[in-house]
Amino acid sequence: MWFSNFLQWLADTQFSTMMRESTWAEPIVETIHVLTLTLFLGFAVLLDLRLLGITLKRKPMSEVLAQFNPWLFGGFAVMVVSGTLLFCGDPVSFYNTHPPFFRIKMIMLVLAGLNVMIFNLGIGRRVAEWDTFPKTPRAAKVAGIVSIVLWILIVAAGRAIAYVLPPP
Amino acid sequence: MWFRAHLLWFCQWCNNSFFGHGIRDSVWLFPFVEIFHLIGLGVLGGTILVLNLRLLGIGFRGDRTSDLAKDVRPWMIGGLAVMLTSGFLLFSTEAVKMYGNWAFRWKMIFLLSAILFTFTIHRKVVMSDESRVAGISRVLVAVISLLLWAGVGLGGRAIGYVTTSASSVTVSAP
Numbered sequence: 001m002w003f004s005n006f007l008q009w010l011a012d013t014q015f016s017t018m019m020r021e022s023t024w025a026e027p028i029v030e031t032i033h034v035l036t037l038t039l040f041l042g043f044a045v046l047l048d049l050r051l052l053g054i055t056l057k058r059k060p061m062s063e064v065l066a067q068f069n070p071w072l073f074g075g076f077a078v079m080v081v082s083g084t085l086l087f088c089g090d091p092v093s094f095y096n097t098h099p100p101f102f103r104i105k106m107i108m109l110v111l112a113g114l115n116v117m118i119f120n121l122g123i124g125r126r127v128a129e130w131d132t133f134p135k136t137p138r139a140a141k142v143a144g145i146v147s148i149v150l151w152i153l154i155v156a157a158g159r160a161i162a163y164v165l166p167p168p
Numbered sequence: 001m002w003f004r005a006h007l008l009w010f011c012q013w014c015n016n017s018f019f020g021h022g023i024r025d026s027v028w029l030f031p032f033v034e035i036f037h038l039i040g041l042g043v044l045g046g047t048i049l050v051l052n053l054r055l056l057g058i059g060f061r062g063d064r065t066s067d068l069a070k071d072v073r074p075w076m077i078g079g080l081a082v083m084l085t086s087g088f089l090l091f092s093t094e095a096v097k098m099y100g101n102w103a104f105r106w107k108m109i110f111l112l113s114a115i116l117f118t119f120t121i122h123r124k125v126v127m128s129d130e131s132r133v134a135g136i137s138r139v140l141v142a143v144i145s146l147l148l149w150a151g152v153g154l155g156g157r158a159i160g161y162v163t164t165s166a167s168s169v170t171v172s173a174p
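Here the protein sequences come in this chain order: A and B.
Under our numbering, think of the first position of the first sequence as 1, with each following residue one higher.
Under our numbering, think of the first position of the second sequence as 1, with each following residue one higher.
Honestly, the hints are just simulated from the structure, not real lab data.
There's no promise every hint is true.
As the list claims (entries may be wrong) - Under the rule of at most 27 Å between Cα atoms (straight-line distance), these lysine-lysine pairs were calculated in the DSSO-like manner:
id	chain 1	residue 1	chain 2	residue 2
1	A	59	B	124
2	B	70	A	57
3	B	124	A	57
Based on the sequences and whatever the hints tell you, model everything.
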């Protein structure tokens, strides 16, 4: 119960009202959220394809990680901040969509985070052992596939949310 | 006038085509195609960003630009193909409305310019030997590329917001 109280409290804040009622706030934030897909999704897919041994093969894996990671974290930060702002505009409706696309998206985001964590604690930590191999190890391939599938589903769920939110 | 008449005829044909009809009449087909459009956006935009960040010298500095381009080119072209196909399908559901939508027109002008630029001047600079192209022209080419593609993206976002107010032509038969 405390959580729905929190959402209601959030919806009643001045900031939430501003997000809802301003003509420009929502289109601008949504545009940032969507166009940052180029940075975040695009780079994530390229990195995943490297994990699968499909592209950027001539570069050592450690170098690919070092070059992509700052952009990925930056892109992810923009996605999270802009996404949170959109959520603040109508928190109760987002949380309670039918079908529950928003909750599905959040669960998949957590799974994508776990996938990154497992990679970093496992095969990613031993990257020096397979850095320049033309074929990447199976665990790296699994991490790449799981990541691509999850991000595609996250995009799909995100798009679906717009169709089940009540009109403003 | 001749051009406009044919353009309108083409839009009407798309509107009444089986795919225009099919996607328009289905509840979930439109969002389904949109998802492909968004994933194509990520992949196409990602590859273009990689190359332009390299040209600007603020990312991927360990690589020759031409090597990076060879690696990402199939994904750039694949992403563009997905975007053009899904975009055409989305367009066909309300092609006549799009005919009168100024944001859509701007998007198409930017898109045509961006594609032409990417496969001519941009490609030439990306593929040429780093030492033989002045740093300033590499930066300039990257900035033009980013501006043109940003125009496409912003135009695309704007379509949805002006569609109700700026449509000068009404759809004849739904």
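> Between residue 70 of chain B and residue 57 of chain A, is the straight-line Cα distance small enough, at 27 Å or below?
Replying inline: holds (11 Å)
>> For residue 124 of chain B and residue 57 of chain A, compute the direct alpha-carbon distance and say whether it is at most 27 Å.
In response: holds (23 Å)
>> Run the distance test for residue 59 of chain A versus residue 124 of chain B: straight-line Cα separation, threshold 27 Å.
In response: holds (23 Å)
Consistency with the previously given hints is maintained throughout, with no hint failing.
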